[in-house]
Amino acid sequence: MREAERRVLGSIDVDGLVEYLCELISVPSVGGQETAAQRNIAAKMGALGLAVETWDVDFEKIRDHPAFSMPIPREEGIGVLGSYGEGKGRSLMINGHIDVVSPGDESKWRYPPWKGTVADGRVYGRGSADMKGGIVAALYAMKAIMDSGTPLKGKMILETVIGEEDGGVGALDAVLRGYRADAAIVPEPSELSAVPAHAGVMAFRVTVQGKAAHASLRTDGVSAIDKFLPLYEALKRLEVERNARIKDSLYAGFDVPSPLSIGKIGGGEWPGTVPENLYFEGRVGVHTDETCDLVKRQVESAVKRAADADPWLRAHQPVVDWNGYRFDPAKIAADHPIMETVKAAYRDVSGSTPKVEGKTYSSDMRLLVNLGNTPTMIFGPGELRQAHTANESVSVESLEAAAKTYALAIMRWCD
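Be aware that the sequence shown starts at 1148, since it is given in this note's numbering, and climbs by one per residue.
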């Protein structure tokens, strides 16, 4: 490790990092209400010495793009980018989403979700792990580099975007505006694993028709609930069949690398009436060697085969709709130079080699890779199991390790 690198690592302001993370947590940024948090971090970037750009997200201009998804209505949204360096060498972007999900029932939280709280070596609050912790770790890595006076031949960039949780509208807008780099890191909570791939995902809805009758004469009718059951079993079998075909070592640690899950069911009108209709909604994963269109055909075929085996359903075919979200998978080579740079940086910081694995969720990485042609990986502090839960938290130890890893990776990539 070079002396300049040791100097930067020694100047990482962990206390300041934690303090600012608590401040950022205290600015609520649920989907559709991200502007205050974006303005907060833009001001912080400027105060620390980054050159700051902000822009208004143009929802109408990008609404017809195939990758556009924004189920949460928004009247405004801004993008934020801070940068430092000469710009004569390679650039490295760290892209993070400022939006968080609702805290739900706040009575289930040990500490207030909108007040960053430090306890037992962890920072608690909504967004601490997903993913304000990763954003702030990157910001303080950049602060240490600037404070040390280390020149960068290339350019380091921190970009914060809105709307990741409901489809990636902020990252899509930024990519289409031309904000790209020679490589990028998305600091999603990965437990400091180096992640070169993530799955895609699609939402679907199936409508099942029955025949209404008085419950006292139920055999005069056809229960849509009864007709749902063979479809459900068919989709469970499809999940098993699809996952048996996946032989990707990046997903060897997952029991079900490409899940198919039914998350919502509704139907019937009255307890005393045989239900004449039912709908169910689900989510299906798309592996990195698959396409969304392929998986769509597989789901539709499984539903049709099950329906054709039932006389009623054969004559009253279920309807499969794909009007929900649709996110493509994304992947770069596991030995891509940005992967090797981050792995070496983490090894020098921690003394151990990071796990290399894929993730079963989707992220803004897909937009940077598939649309922005920016080789992108995921590497961030915190555990995914903390995301979207009551008492969400991230360890201070992982924040420090992430910040130091980002700092080394930036210095080496942008040198």
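No wet-lab data here; the hints were simulated from the structure. Each hint should be verified, as a subset may be incorrect.
[Unchecked claim] Result set (DSS-like, lysine-lysine): computed pairs, CA atoms no more than 30 Å apart in a straight line:
id	residue 1	residue 2
1	1262	1358
2	1358	1451
3	1394	1262
4	1411	1443
5	1191	1262
6	1451	1383
7	1383	1443
8	1443	1208
9	1394	1358
10	1411	1451
11	1411	1358
[Claimed, not checked] Pairwise CB distance ranges (calculated):
id	residue 1	residue 2	range
12	1223	1430	28 to 36 Å
13	1536	1472	56 to 64 Å
14	1157	1531	14 to 22 Å
15	1235	1413	25 to 33 Å
Cβ coordinates follow ideal geometry from the N, Cα and C atoms, glycine included.
Hint check:
1. Between residue 1262 and residue 1358, the direct Cα distance comes to roughly 53 Å. Violation of the 30 Å bound is thereby established for this hinted pair.
2. For the hint linking residue 1358 to residue 1451, the alpha-carbon distance of about 19 Å falls within 30 Å, and the restraint holds.
3. Between residue 1394 and residue 1262, the direct Cα distance comes to roughly 44 Å. Violation of the 30 Å bound is thereby established for this hinted pair.
4. For a cut-off of 30 Å, the pair hint linking residue 1411 to residue 1443 stands: about 19 Å separates their Cα positions.
5. Distance restraint check for residue 1191 and residue 1262: the Cα-Cα separation of roughly 18 Å lies within the 30 Å cut-off, and the hinted pair is therefore satisfied.
6. Under the criterion of a C-alpha separation no larger than 30 Å, the hint pairing residue 1451 with residue 1383 is consistent with the structure, at around 14 Å.
7. Taking the CA atoms of residue 1383 and residue 1443, the gap is about 15 Å. The hint holds against a cut of 30 Å.
8. Between the alpha carbons of residue 1443 and residue 1208 the distance comes to roughly 28 Å, so the proposed pair stays at or under 30 Å and holds.
9. Between residue 1394 and residue 1358 the alpha-carbon distance is near 44 Å, which puts this suggested pair outside the 30 Å criterion.
10. Under the criterion of a C-alpha separation no larger than 30 Å, the hint pairing residue 1411 with residue 1451 is consistent with the structure, at around 20 Å.
11. At roughly 22 Å between alpha-carbon atoms, residue 1411 and residue 1358 fall within 30 Å of each other, so this suggested pair holds.
12. Taking 28 to 36 Å as the suggested C-beta distance range, the pair residue 1223 and residue 1430 conforms, at roughly 29 Å.
13. In this structure the hint that residue 1536 and residue 1472 lie 56 to 64 Å apart at CB is violated, the actual value being about 21 Å.
14. Here the CB-CB span from residue 1157 to residue 1531 is close to 31 Å, at odds with the stated 14 to 22 Å.
15. Checking the proposed 25 to 33 Å range against residue 1235 and residue 1413 shows it is violated: the Cβ atoms sit about 59 Å from each other.
In terms of the numbered hints stated before, the structure departs from hints 1, 3, 9, 13, 14 and 15, listed from lowest to highest.
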